[in-house]
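Engineer: Sequence:
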Amino acid sequence: MKRFIQFILFIVIPIATLNAQTTSGFKYQAVARNSDGSLLLNQPITVKLEITDANGLIYYSETQNTTTSDLGIFSLNVGQGSSVQGSLAEIPWTENTFNLDVYLDVENGNSPELVGSSSILGVPYAMYAERAGKSMDDQDTDPTNELQTLQANGDQITLSGDTTLTVIDLGDLVENIIQAMDQDTDPTNELQSLEVAGDEISLTNDNTNTIIKLGPIIREVLDTTGLDSDATNEIQQLSKIGNTIMLSRDGGEVTDAVEDADADPENELQKLSKNGNKILLSGNGGEVTDAVEDADADPQNELQKLTKNGSKIRLSGNGGEVTDAVNDADADPQNEIQRLSLSGNTLSISQGNSVDLKKVSDGDSDPANELQDLSINGANLSISGGKGVQLPLYWQFEKGNSIEGIPDIIDADYRAQVPSLQVEGGPLLTSSGIRSTDDVTLLGANYYLKTTSSQNRIRHYISGDAGTSIWYGPNGRENAVIKGDPNNRNNGKISIYDSNGSIQASMEINSAGKGVLAADIKNFFMDDPEHEDQQIWYASLEGPEAGAYVRGQIELVDGEAAVTFPDHFLKVATLKGLTITLTPHSADSKGLAAVDRTANGFVIRELFHGTGNYTVDWEAKSIRKGFEDYEVIRQKKEN
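Here the sequence shown is numbered in the working numbering, starting from 46 and rising by one per residue.
Note that these hints are calculated values from the structure, not bench results.
Note that the coordinates shown come from a computational prediction; the quantities given were computed from them, not determined experimentally.
Just so it is clear, CB atoms sit at the ideal spot from N, CA and C, and this is done for glycine as well.
Be aware that one or more of the hints could be misleading.
[Unchecked claim] Taking lysine to aspartate or glutamate pairs in the DMTMM-like style, the calculated list, with each CA pair at most 20 Å apart, reads:
{"id": "1", "residue 1": "Lys316", "residue 2": "Asp301"}
{"id": "2", "residue 1": "Lys616", "residue 2": "Glu664"}
{"id": "3", "residue 1": "Lys258", "residue 2": "Glu240"}
{"id": "4", "residue 1": "Lys432", "residue 2": "Asp418"}
{"id": "5", "residue 1": "Lys72", "residue 2": "Glu240"}
{"id": "6", "residue 1": "Lys319", "residue 2": "Glu332"}
{"id": "7", "residue 1": "Lys72", "residue 2": "Asp251"}
{"id": "8", "residue 1": "Lys616", "residue 2": "Glu590"}
{"id": "9", "residue 1": "Lys635", "residue 2": "Glu673"}
[What the hints assert, rightly or not] Ranges of calculated distance between the beta carbons of each label pair, as one might list FRET restraints:
{"id": "10", "residue 1": "Asp418", "residue 2": "Val561", "range": "56 to 62 Å"}
{"id": "11", "residue 1": "Gly622", "residue 2": "Asn658", "range": "38 to 44 Å"}
{"id": "12", "residue 1": "Ile257", "residue 2": "Ser163", "range": "23 to 29 Å"}
{"id": "13", "residue 1": "Ser156", "residue 2": "Ser247", "range": "33 to 39 Å"}
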């Protein structure tokens, strides 16, 4: 298993002390930790150091072997290792910026890994000075053939071979350089380096040789934080493989007595499911058979229901339908037709009483001379066993004939003056329809308009003290129904049916007193202003809520604009669930946000503190007031 080093202290000391003999290098110090955060104590390590420029070009590379201290600290002198590439003394410190890349290997010295990289913030001046001293090489070793020589006397410089004897005084220049570098001319107070040996810290170039012991300080820190420098009592970790629980740092292991065949504590719960009449328990929990058996496992073919609509009797579950042959022209079981029967002298009526006819006598016992029957054919009234008579013209009004020439039964507006027709307990039937009357009164009955083959085409009746009108198509199914809401007969409803008898469009007042229009598609249309033979049709946009929207356009100034909702939108829409869409007119927009929303509007701001100036389209959508609880899924209503 690979271990990675985490550096928590990274110190580069680039300023070396200038001596008569320059030492090439600078100090580097760090603390090494393993990948789990523990210190690498007294650990032999191999360090590879590379000095690179910003482009990654390697100017110098070396390796050094060292050992960490009992605090995990290691110290190196960069430039004093085994050179791999380049020369530290030849690095052009003033011409570029450089990084120190640190590679570390704790395995076998053959697989170093990059663990840190840092900029070298100060030029190692001693090495720069040494390189500068070498820069005057003229490719030979003869000092007597140089053109001229600089000579220094105190802070004055002269050039040999100078016939003008020019003297350059460096006093002021040296003073400025010294002040820029260390602010004084005292060589006894220069920068020093810290050195660590065990738990002792000392300062280089310290004439008093002062040593600071860190032991008490470290112990105080450890006592306060609960940490210590003892590598044998570190925090341990529990881990589990299968049913074996292990403690890190050789803390031993135990076997988990609870065995559920896996190491996942999240999958213990089981679930019940049913397939046909089989009830199963997940996790191989077995199965049982449902004792309720209806000869199959199909829940879709259970008990069915009979319903009746007009003369149609239907069986649920696509069980088909039949036409009820019994037709008494209404749906009222209390006013059915009764039958007379005669048994001897007893005359009986079905579902009623009977009378004794012995008391009725016609004076003889001849059944051939009994009462006669009246019959009418057109305007001819006949009596059985006798002659017929022709009725006056006004009787023909019943048959729908013209009323012209009958001035005594019509008024000035040509309305027939026929008294009201009242039917008590039975239907009013006309072969060609009532031409004109003041009114037709049906007391608790149905009023049908039928074809000559007795097919219903229009039916009017009273239900729940409210009028109902049904219009039928040639197939005998409803085309349209006008009636009151079953829950409130004062709320009207119009339903439009397809050829299969299913409602495809409706208009009603619901229980909340709201007008509702429902259809597969809702349109508006207009005449095409350019083509007389064409129209333009638009369909409504559908959605799972009763919504309202408002939109507009505004100018963004310095990245901001305030939108105020119009008064009519505030009256119509609730701001709960408000959705705002923004469209910038500029391709340079950084993006827009709708912020600071209030009851009256919102603010548009450009993202990332933008200060753009351009036009913005905006649109706000919300829910209409009073429709916050709009039902998307509803139970199917009866016709």
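Engineer: Taking the earlier hints as the rules, which of them does this structure contradict?
Structural biologist: 1, 9, 11
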